[in-house]
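Novice: One-letter residues, chain by chain:
Protein chains: 4
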Amino acid sequence: MTTLAEFETLCGKVRNWGRWGADDQRGTLNLIDRASLRRGLAAVETGEALSLSMPLQLKGPQDGSGIPGRINPVRTMLGINTPMGPDPAAAYSDDIVVMPLQAATHWDALSHVSWRGRMYHDVAADAVSVAGAARLAIDTFGPVVTRGILLDVARLEGADRLPGGFEVTAAHLDACARDAGIEVRPGDIALVRTGHIQLFHAGDIHGYHTPTPGLGIDTAAWFHEHGVAAAATDTIAFELLPARCPELVLPLHVLCLVMMGMPQGQNFDFEELSRACAADGRYTFLFEATPLPFRCGTGGPINPVAVR
Amino acid sequence: MTTLAEFETLCGKVRNWGRWGADDQRGTLNLIDRASLRRGLAAVETGEALSLSMPLQLKGPQDGSGIPGRINPVRTMLGINTPMGPDPAAAYSDDIVVMPLQAATHWDALSHVSWRGRMYHDVAADAVSVAGAARLAIDTFGPVVTRGILLDVARLEGADRLPGGFEVTAAHLDACARDAGIEVRPGDIALVRTGHIQLFHAGDIHGYHTPTPGLGIDTAAWFHEHGVAAAATDTIAFELLPARCPELVLPLHVLCLVMMGMPQGQNFDFEELSRACAADGRYTFLFEATPLPFRCGTGGPINPVAVR
Amino acid sequence: MTTLAEFETLCGKVRNWGRWGADDQRGTLNLIDRASLRRGLAAVETGEALSLSMPLQLKGPQDGSGIPGRINPVRTMLGINTPMGPDPAAAYSDDIVVMPLQAATHWDALSHVSWRGRMYHDVAADAVSVAGAARLAIDTFGPVVTRGILLDVARLEGADRLPGGFEVTAAHLDACARDAGIEVRPGDIALVRTGHIQLFHAGDIHGYHTPTPGLGIDTAAWFHEHGVAAAATDTIAFELLPARCPELVLPLHVLCLVMMGMPQGQNFDFEELSRACAADGRYTFLFEATPLPFRCGTGGPINPVAVR
Amino acid sequence: MTTLAEFETLCGKVRNWGRWGADDQRGTLNLIDRASLRRGLAAVETGEALSLSMPLQLKGPQDGSGIPGRINPVRTMLGINTPMGPDPAAAYSDDIVVMPLQAATHWDALSHVSWRGRMYHDVAADAVSVAGAARLAIDTFGPVVTRGILLDVARLEGADRLPGGFEVTAAHLDACARDAGIEVRPGDIALVRTGHIQLFHAGDIHGYHTPTPGLGIDTAAWFHEHGVAAAATDTIAFELLPARCPELVLPLHVLCLVMMGMPQGQNFDFEELSRACAADGRYTFLFEATPLPFRCGTGGPINPVAVR
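So the protein sequences, as listed, match chains A, B, C and D. Add 53 to a position in the first sequence, counting from 1, and you land on the number used in my numbering. Add 53 to a position in the second sequence, counting from 1, and you land on the number used in my numbering. Add 53 to a position in the third sequence, counting from 1, and you land on the number used in my numbering. Add 53 to a position in the fourth sequence, counting from 1, and you land on the number used in my numbering.
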């Protein structure tokens, strides 16, 4: 268990406010540089490209028990073989969707969370209004392309999937990296696999929601020390749920998004990637996950890709 | 002007039905292979990554004059610094959007268009129903990562932007490739710049819509011969609008999507890329544009990235 | 149990096709006339006006187990005390909603159901397309104002609410009318109370869905013989669910909507009305339930009102 | 022209705060009583019922030039003759809509406008949040049934329609009532016709928006003195646009909604009603316009009905 005082100490330890200049909105994404991209390019061997996204569909993970209004995508048709002109020979089909930006696989923007009225970089929380995020919005990310590394904690533990309530610690991340022969470097993006998404695949939406395995509070410092540019998991909440911090529902959200300015990814699917990495022992790859550039959005749907 | 008979002849010339097996749904994306990806990786020098997307916002290009119901994205908030738990110190913001899948920068899925009741690969048009595309949907694309090439026709013509009604021909594409020193190879993705998006940037939505410069009908054969995996333009309709084919509104859509099975990209923004390529004379790059995997979707929003 | 043959016989018995002229789209709503309205006006004594609608909210009856895409209303804000002009003294708030037309209290339009490819009045089912109902749409209803009668079957049975699976028969309707001293006349609208909505009020959405008490198949002939202009219940499906007709999921829907052209109302709330009627023994009233005039809509949300 | 000081004086003159008790949320709707309803019932002679609503459709009055995000209704299909069960003989069609609550014919809720941080009855403006209106929401209206009166200013002026910029004054309302032989009484609802909606019918959306004829600032006192329960016009803004008050965009909104607590109706269509009233000289009727009960909504769509 982590007390509020301990949490506050951690906040101070990982805080990046001011690190990248007065106008910074990109946080640890600033760590992505030519070197980290080069590492990503150099990691490609077979050229295999894998999508790490959930499908976008009505049967997604949003069963109504989470954030009010976070529904699954409702996609309907604007045209179904509708004639393009007077001659019906040529026809078009077209669709429209209603969807929360964080319904399925997505990045949290840095404006997604505030703590005591402040967001990352000491931006006032009221920069988010009915019009969305005037600062720290998802469209400030720009291209997200760098080296990705898979930290397969389920595999480390010899489990198909980690059980609900399993706390992934900095020690686990170290062990995964060591076993995979990876030296984690600034600008890398860390993909932390728990296998928990198997419950979603099996149709157990309730089980997928909670309790979940997930990142524990000490991983914030680990990400900080290694200069990780962003991190993602195959769970709905990124971090351990319920958290081991009596006074906070999602302490790691505050540490990562508000203090470090580090984007979090949720609902990633690492199952196929895990099998591929295990098969040839290569756990690094070129990783691309540029969000749709919603003006003022506090999150962004993605279809992340690992190129091996 | 192209007659219907000439058009039908062209259809036969570029048709790829059956080329990639009985169950194929990916068309020319099958041409992306290890070699094309390698070319893309090899093209990276500076590591500069550029987004080629329009922003997603209420002030987009859909002014209601196009396909009925194709509105601009309406993004609203589900939470605005809403307390996460009993203690309001930690708070979240969250949003939801209504948007056509083809509202801004996107790929057309192969199910987007039918011709005489058939889609690509002779799939019956009624595979698209109220439930969407049971075949040839956007989620069959998978990762789209390969070499991209910029064919900067506006620059070739010495124009800031090509005027409305300017037909881009195969000869223009050849000239662009030659001038840039590019040998177009199977699996490349061709980005054809007209500069027309400048009208959108200037707020002239009506002018952006029509008339547009765009790809002429003979470019289909050019794409076919060079094994281009997909093509995209910086206009709303991809092809010349109005087309020079009295009996067809969008003939190139039929040729590319239905006959070749070649994805088309629209509303790409090549302005920054054009400047970068012109500055150092390098017109090839690693290109990534994996669509959000909407189940049964007939199109998919993307944030395409060029890594130079 | 009703066999398919018996069902087909019933169809022939209640069919109104052609009864109101070649171009009719309003079915039994044609029975509303000056006399029925007069009866409604004459029934008003105390002037008490009661709403019979469910609230429209995220916590509605659509839990995802019904028709795919029938979600609960998601209402979000377009403005929250947003300044109207340069001076922020005057400010506006404004909202937008995503909602199925049949999410809560509503009328089914006559185009909602087809049987063997035909709708009411022998209109071809394909009059409903991606653009909606070209014929028999909800906006053809026009004003719905006439005498309403409450047939309180739960009260007749001495029950707070009828249990799931309870079939309301023509005999029950006769008994309710007799006990209430009502002579049912052409143009009346019949409100049939089961009390089942109490499960919704208690938060038991699943129980509210199925099994339900509801109108049995023989009530179609009763409505037909009495010239009822429309009928409504306080359940999600109007009719008994599951139905006692092995080959049909919703046989009464076919009889009422397709054969008779009689609008059905669902998810009405009669609890307060029932108490008021029981208190003074008056079961007739002026009834108003004009749907929002959605062009081409197959259903229409309403806030029905009884004026006593 | 009205100065800010004059406006403030008017505010004090018409203010109803506290008039109907400490918990009041219904403002002047409280004036609807048995007597006003009786007047409405007594006004019915022929039994003719007329809808006063615009159709709800994609081609509505919201062209994007007004409040950001106020789009026209986008209605799409969830089912198109989709089989109900294993046997496809019975099939359903179903639809879903995205629409602003104030897109077409509607009531403004009392929470729609605030003035210097306060809403009607001194409720703090921050009762409206991302969750909507915790107080003064549209679902507090309940049934709206009373006597309606048509004040046909266009007819008074001998015009088909009043020109843009025409200010309807208290004197006009008096003259209309006098000519029609109406004694305006507490609880009546006033429908003020300008004929301006003819521009909408003619497809001139821009002209429909602005400039409009409309209610001038002195009508607030007129409504107040006569105890009008609500008022509506056949324009988009209810009041004169642009207003003659240099410092305020919509001064009558503040007077009616915030000070008086009087609901305003917009985009009503009085054309058919005007012809009917002129034909037999009867300008009073039973009026019903109960909004859909959106929880926390700041406005509500309606299909108002006049029964003559």
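The set of hints was computed from the structure by calculation and includes no laboratory data. Every value quoted in this text rests on a predicted model; they were computed, and no experiment measured them. Warning: the hint list may mix true and false statements.
Which copy is meant is left open, because identical chains are indistinguishable; a pair holds if it fits in one copy or across any two.
What the hints assert, rightly or not - Simulated pairs of lysine to aspartate or glutamate, DMTMM-like, Cα-Cα distance not exceeding 25 Å:
(1) K112 x D86
(2) K66 x D333
(3) K112 x D175
(4) K66 x D116
(5) K112 x D232
(6) K112 x D179
(7) K66 x D140
(8) K112 x E300
(9) K112 x D257
(10) K112 x D271
(11) K112 x E278
(12) K112 x D333
Novice: All the hints need checking, so say for each whether the structure fits it.
Specialist: Structure-based check of each hint:
In the homo-oligomer, the alpha carbons of K112 and D86 never lie at most 25 Å apart, since the shortest distance is 38 Å inside one protomer and 32 Å across protomers. For a Cα distance limit of 25 Å, the shortest separation of K66 from D333 qualifies neither inside one copy, at 37 Å, nor across copies, at 43 Å. Taking the shortest alpha-carbon separations for K112 and D175, neither the intra-copy value of 38 Å nor the inter-copy value of 30 Å comes in at or below 25 Å. In this homomeric assembly, K66 and D116 never come within 25 Å of each other (Cα to Cα): the closest approach is 37 Å inside a single copy and 44 Å across copies.
In this homomeric assembly, K112 and D232 never come within 25 Å of each other (Cα to Cα): the closest approach is 36 Å inside a single copy and 48 Å across copies. Taking CA atoms no more than 25 Å apart as the test, K112 paired with D179 passes between copies only; the shortest distance there is 23 Å, against 34 Å inside one copy. For the identical chains of this complex, K66 and D140 are inter-copy neighbours only, at 23 Å across copies versus 68 Å inside a copy, given an alpha-carbon limit of 25 Å. In this assembly of identical chains, the alpha carbons of K112 and E300 never lie at most 25 Å apart, being 33 Å within a copy and 28 Å across copies at closest.
In the homo-oligomer, the alpha carbons of K112 and D257 lie at most 25 Å apart both inside one protomer (11 Å) and across protomers (22 Å), since each shortest distance falls under that limit. For a Cα distance limit of 25 Å, the shortest separation of K112 from D271 qualifies neither inside one copy, at 34 Å, nor across copies, at 38 Å. Taking the closest pair of Cα atoms, K112 and E278 never come within 25 Å of each other, the shortest separation being 39 Å inside a single copy and 41 Å across copies. For a Cα distance limit of 25 Å, the shortest separation of K112 from D333 qualifies neither inside one copy, at 34 Å, nor across copies, at 48 Å.
Going through the hint list in order, the structure does not satisfy hints 1, 2, 3, 4, 5, 8, 10, 11, 12.
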